[in-house]
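Peer 1: Residue strings, one per chain:
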Amino acid sequence: MNNNPVLQISDLYVAYGSILALHGVCMEVHKGELVSICGVNGAGKSTVLKAIAGVLKPRSGSIRFKGKEVAGYKPEQLHKMGMALVPEGREIFPSLTVEENLRIGAYGRRLDKSFAADLEDLFNLFPILKERYHQAGGLLSGGEQQMLAIARGLISKPDLLMLDEPSLGLSPALVDQIFELIIELKSRNITILLVEQNAQRALAIADRAYLFANGRVEYSGQPQELMGNVDITSVYLGHNGGDV
Amino acid sequence: MNAEILFEFVINVLSMGSLYALISLGLVFVFGICQLVNYAYGEYITVSGYVLYFLGVFTNLPWPVVFLLGILAGVAIGFFSELVAFRPFRERSLDALLVTSFAVSIILQRLFQLGISPRSKAVPVPAFFNLNIQLFGVITPLRNLLIIGTTIVLLTVLVLIMKYTTLGIAMRGASENFVTARLMGVPANLMISAAFIISGLLAGVVAIFWSARTGSVEPMMGGTPLLIGFIAVVIGGMHSLPGSVLGGYVYAFISNVLSLTLPSSLLSFRDAFMFAIVIAFLVLKPEGLLRGNYQEERVG
Ligand SMILES: Nc1ncnc2c1ncn2[C@@H]1O[C@H](COP(=O)(O)OP(=O)(O)OP(=O)(O)O)[C@@H](O)[C@H]1O
Ligand SMILES: [Mg+2]
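Chains B and R, in that order, are what the protein sequence lines are. Everything in the first sequence is counted per the working numbering, starting at 4 for the first residue and increasing by one. Everything in the second sequence is counted per the working numbering, starting at 3 for the first residue and increasing by one.
Hints are computed from structural coordinates only; laboratory data are not their basis. Among the hints, a few may not be true.
Said to hold, decoys possible - No farther apart than 30 Å at their CA atoms in a straight line, the calculated lysine-lysine pairs in the DSS-like style are these: (1) Lys160(B) with Lys83(B); (2) Lys160(B) with Lys133(B); (3) Lys165(R) with Lys133(B); (4) Lys160(B) with Lys165(R); (5) Lys116(B) with Lys165(R); (6) Lys60(B) with Lys34(B); (7) Lys133(B) with Lys189(B); (8) Lys77(B) with Lys189(B); (9) Lys165(R) with Lys77(B); (10) Lys83(B) with Lys165(R).
Turn these sequences into a full structure, and let the hints steer you where they fit.
Peer 2: Have a look at this one:
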């Protein structure tokens with residue numbers, strides 16, 4: 004771990020209208036790390052990702068990405084700088100084909116040899132996308148849509164990949180597949196910020212973790228500590244530390 | 003019904019439908035990207051119409067150049083009205099945008115009234131537009147065939163752009179889910195400018211054939227095409243580009259059927275019948291013939 008985090012957030016306040024959703028959040032993500040954010044519904048997990056990605060403008064506080072202050076930047080600027088957010092609920096473009104969805108994911112990239120090579124590489128990770136290349140995204144199953152959503156995030160070769168509840172609504176077998184995939188991405192040294200309600204699974208693969216509650220960071224540190232701490236898991240993650 | 007009447011009917015539906023399809027397509031391009039019903043769209047047509055008038059009356063430029071400049075005027079008013087009037091309010095609310103579009107519409111109308119003339123001006127029309135062509139025993143002015151051909155060419159080009167270019171694919175993505183498209187690096191400003199430019203271009207083409215049909219331009223002339231665009235869009239679907247084109251042709255079809263079938267005593271109520279049909283569409287098929295995919299999301 005070096006001293007220059009890819010992402011550094013300090014004292015971040017974000018509001019929806021007049022209602023504060025984040026109250027002074029501080030966190031950081033270093034290069035090559037897999038950092039998990041856990042917390043119950045409404046804790047502010049998606050809000051922090053949206054603020055980082057520029058969808059929500061912070062009320063105050065600082066967001067530094069690769070050493071640069073980026074609070075208030077537009078989503079498209081941040082994407083260009085190397086961020087990719089795979090949003091909660093997949094949000095693929097339903098009437099666009101898999102190919103077109105990926106083309107938008109690669110917006111700003113030249114469609115050259117290195118793009119073709121990356122595409123081949125993605126097809127190795129997600130063979131189903133090659134099979135369905137010319138099908139409308141809306142016709143894919145939930146699991147396939149999640150694969151597409153992740154692939155669409157990866158095709159831009161982000162320096163920070165943010166995943167918002169990638170396992171949400173998927174069958175247990177598919178959840179396994181998603182977590183295997185995240186481990187594979189981690190082994191490729193991709194920096195990942197993972198939001199999950201499936202806390203045990205997320206904590207098991209994370210390098211570090213943040214526990215959100217009511218728009219605040221309630222705990223941060225080693226995932227093992229968090230999993231071992233009965234008080235914290237029972238209060239903030241439900242009695243058994245989340246569903247498996 | 004004999005073959006000639008049928009053929010005349012087909013040409014009428016296709017020529018009128020082509021014009022209506024271009025009108026509604028121009029509305030839906032902007033609506034798809036910004037969810038804005040742009041009331042100033044009719045005035046884009048008027049601006050182009052006045053440019054055609056001035057160039058036609060006061061210069062000796064060849065017709066293709068006049069038409070090109072007329073279309074460019076539509077592009078320019080589309081682009082600059084967005085830049086100057088809509089962009090500053092975009093982050094506010096959809097209602098603010100809607101009110102802005104009313105304002106732009108009214109300001110442009112007043113400018114035409116004060117700066118040019120409140121009365122209508124005769125627009126020169128190239129002679130070949132009114133040349134009567136005999137086709138399968140039916141006599142029709144050449145402009146009816148020109149609008150059909152122009153529409154085929156324009157739609158083909160637009161389909162190619164929307165299907166195969168990065169800009170077009172991004173615009174389709176942005177019209178389904180604007181925020182997510184931005185998260186993928188698609189610039190909001192570029193998408194919106196492109197939508198207004200295409201809208202203005204269509205208004206410019208419409209102006210050529212509209213003013214050729216009416217023979218004149220006047221400050222309030224944008225109202226009728228705007229209404230036609232609304233009706234076509236209600237029929238075809240607000241969220242679908244192909245739907246808006248289909249709506250234009252269906253509108254023309256219904257309108258021509260009414261003209262043919264209504265007894266002459268009821269012919270003056272043709273518009274009333276037309277509106278009754280539109281209301282029926284709103285009740286029975288509120289999302290239009292083609293639904294399209296879109297997300298209710300604000301442009302931020
Ligand atoms: N668009 C919105 N308008 C108003 N309030 C919102 C909006 N989105 C979220 N909130 C509120 O902000 C708080 C945090 O929401 P957020 O979506 O960040 O939670 P989350 O941790 O992602 O929850 P979940 O696990 O359900 O996805 C909640 O109280 C929520 O009600
Ligand atoms: Mg969430």
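Peer 1: Next step is simple, just say for each hint if it's right about the structure.
Peer 2: Here is what the structure says about each hint:
Pair hint Lys160(B) plus Lys83(B) holds up; C-alpha atoms about 10 Å apart against a cutoff of 30 Å. Of the pairs offered as hints, the one joining Lys160(B) and Lys133(B) holds, with about 19 Å between alpha carbons and a cut-off of 30 Å not exceeded. Proximity of Lys165(R) to Lys133(B) is assessed by CA-CA distance (about 19 Å); at most 30 Å being required, the pair is judged to hold. The hinted pair formed by Lys160(B) and Lys165(R) meets the criterion: a straight-line CA distance of about 25 Å does not exceed 30 Å.
Under the criterion of a C-alpha separation no larger than 30 Å, the hint pairing Lys116(B) with Lys165(R) is consistent with the structure, at around 22 Å. Restraint check for Lys60(B) and Lys34(B): satisfied, since their Cα atoms lie roughly 25 Å apart, inside the 30 Å limit. Restraint check for Lys133(B) and Lys189(B): the C-alpha separation of about 23 Å stays at or below 30 Å, so the hint holds. Between Lys77(B) and Lys189(B) the alpha-carbon distance is near 27 Å, which keeps this suggested pair within the 30 Å criterion.
Proposed proximity of Lys165(R) and Lys77(B) is supported: the alpha carbons are some 27 Å apart, at most 30 Å. At most 30 Å may separate the alpha-carbon atoms for a hinted pair to count; Lys83(B) and Lys165(R) meet this at roughly 24 Å.
Taken one by one, the earlier hints all hold for this structure without exception.
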